[in-house]
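Generate coordinates for the entire structure from the input sequences, incorporating the hints supplied.
The residues making up each chain are set out below.
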Amino acid sequence: MSPAPRSLVWASFVLAIVGLADAVYLGYEHGSGSNSLACPETGHLNCTKVTTSSYSEFHGLPVAYLGVAFFVVLVLAMSPWAWASTSPQLRWGRVALVCGGVAFAVYLVWAELYKLDAICLYCTGVHIVAFLLFVIVLFAEASRVPEEEP
Amino acid sequence: MKREQARRQRRGRLMIVGGVVVVVVLVVAAVVVAGLNHKTKGATTTTASDAVLGQVTSVPAATYDTVGLGSIKDLPPTINGDPLTADGKPRIVYIGAEYCPFCAAERWSLVAALARFGTFSGLGQTESAPEPEVYPNTSTLSFHGATYTSDYVSFSGYEIQDTNHNTLDTPPADDLALLKDYGDKNQSIPFLDLFGRYVVQGSSYSPEILEGMSHTEIAKAMQDPSSTVAKNVDAMANVFSAIICQSTDGQPSDVCSSAGVQAATDKLSAS
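Those sequence lines, one after another, are chains A and B. Residue 131 in the working numbering is what sits at position 131 of the first sequence, and the numbering runs on without skipping anything. Residue 189 in the working numbering is what sits at position 189 of the second sequence, and the numbering runs on without skipping anything.
Hints may contain errors.
[Unchecked claim] No more than 27 Å apart at the CA atoms, straight line, and that leaves these computed lysine-lysine pairs for DSS-like:
hint : chain 1 : residue 1 : chain 2 : residue 2
1    : B       : Lys267    : B       : Lys41
2    : B       : Lys180    : B       : Lys73
3    : B       : Lys185    : A       : Lys115
4    : B       : Lys41     : A       : Lys115
5    : B       : Lys185    : B       : Lys73
Simulated from the structure, these hints should not be mistaken for lab results.
Next comes the structure, spelled out in structure tokens:
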């Protein structure tokens with residue numbers, strides 16, 4: 001199998017690191033979520049409301065921490081060394097990861113817009129990164145062609 | 001030949017991927033566009049009822065005295081700001097929003113306290129935002145469009161957004177700077193700067209105590225010193241009154257020397 005285009009490999013690696021940094025910040029915000037009797041002055045843009053809402057947990061697990069775990073795995077899967085592997089398990093695993101990521105992002109956007117009436121820009125950053133990784137991984141995998149036998 | 005076939009297969013895969021990406025983009029766009037248009041309508045603000053205002057602005061002195069500090073444990077912190085004045089009178093700046101449930105709770109105390117030193121006109125009557133906002137539909141008053149006249153103190157009240165998050169009042173830069181300078185990193189509301197000496201950020205009691213109550217029920221409960229509402233709302237009105245009395249040299253004396261206000265004054269002096 002031919003290697004994935006170098007530009008896509010490095011773009012995915014950098015994006016995964018950016019996503020991880022954003023997820024770590026959101027994990028911190030979730031952990032230190034303010035319970036003060038006050039409203040942020042920002043109206044619809046309200047990270048605290050999102051990161052401390054009932055939708056900030058998924059089956060009892062904090063979504064912020066799930067995000068950190070997800071991006072830790074993504075950083076490993078998007079590293080140039082992982083891309084160099086032709087293991088079908090790794091390749092399909094990577095595709096499954098980004099598909100799952102973008103599906104979960106759509107669910108969270110739905111929760112923000114329909115249930116919470118609030119948008120968290122840092123969450124939106126993570127969603128955009130998840131979508132871009134989805135696009136990059138699919139195109140990178142589709143670009144690969146089987147090596148010709150000698 | 002094989003290479004040509006591989007190239008064709010690759011082109012086919014890229015087209016499929018392109019199609020998948022387009023479908024995902026369309027789904028996300030549909031969710032976002034529909035979501036942005038999806039809004040639960042909040043209450044409409046009306047002129048406050050005379051019956052409600054009549055009770056809120058004339059809580060008997062005996063009720064205030066019996067309540068004293070009630071359930072209020074934490075008093076507003078002091079700041080070393082520039083003295084806030086207007087027309088030679090000490091000035092209070094309030095920044096809040098109609099959607100905000102914590103502002104909804106705090107307004108009852110503020111209106112009750114200021115009514116002991118002057119007169120409001122044009123106060124509104126509304127509710128905080130509906131679900132999914134916390135403490136949804138908390139009954140409250142609104143300072144938007146209201147004016148306050150007093151011989152002792154000046155008041156500037158801004159409601160920056162209505163219940164549906166539409167822009168209402170835009171505070172002047174100087175007043176907005178107070179929120180930035182003395183507020184927290186979220187610039188949380190409600191925010192009160194009392195004469196540059198005290199700051200209140202957030203409500204002094206939980207909006208939960210007003211849950212499910214109509215305006216009339218809250219106003220009525222404020223008359224009963226044994227009610228949970230009075231022990232919080234009236235008690236905080238005593239605290240506000242005590243702070244105001246510090247800036248008016250104890251005038252008017254009937255208010256400033258009352259037992260309820262004195263209880264708050266003593267606690268302020270001790271803290």
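Each hint, compared with the structure:
1. Lys267(B) x Lys41(B): 42 Å, violated
2. Lys180(B) x Lys73(B): 26 Å, holds
3. Lys185(B) x Lys115(A): 26 Å, holds
4. Lys41(B) x Lys115(A): With Cα atoms ~14 Å apart, lysine 41(B) and lysine 115(A) stay inside 27 Å; holds.
5. Lys185(B) x Lys73(B): 24 Å, holds
Hint violations for this structure: number 1 only, all remaining hints satisfied.
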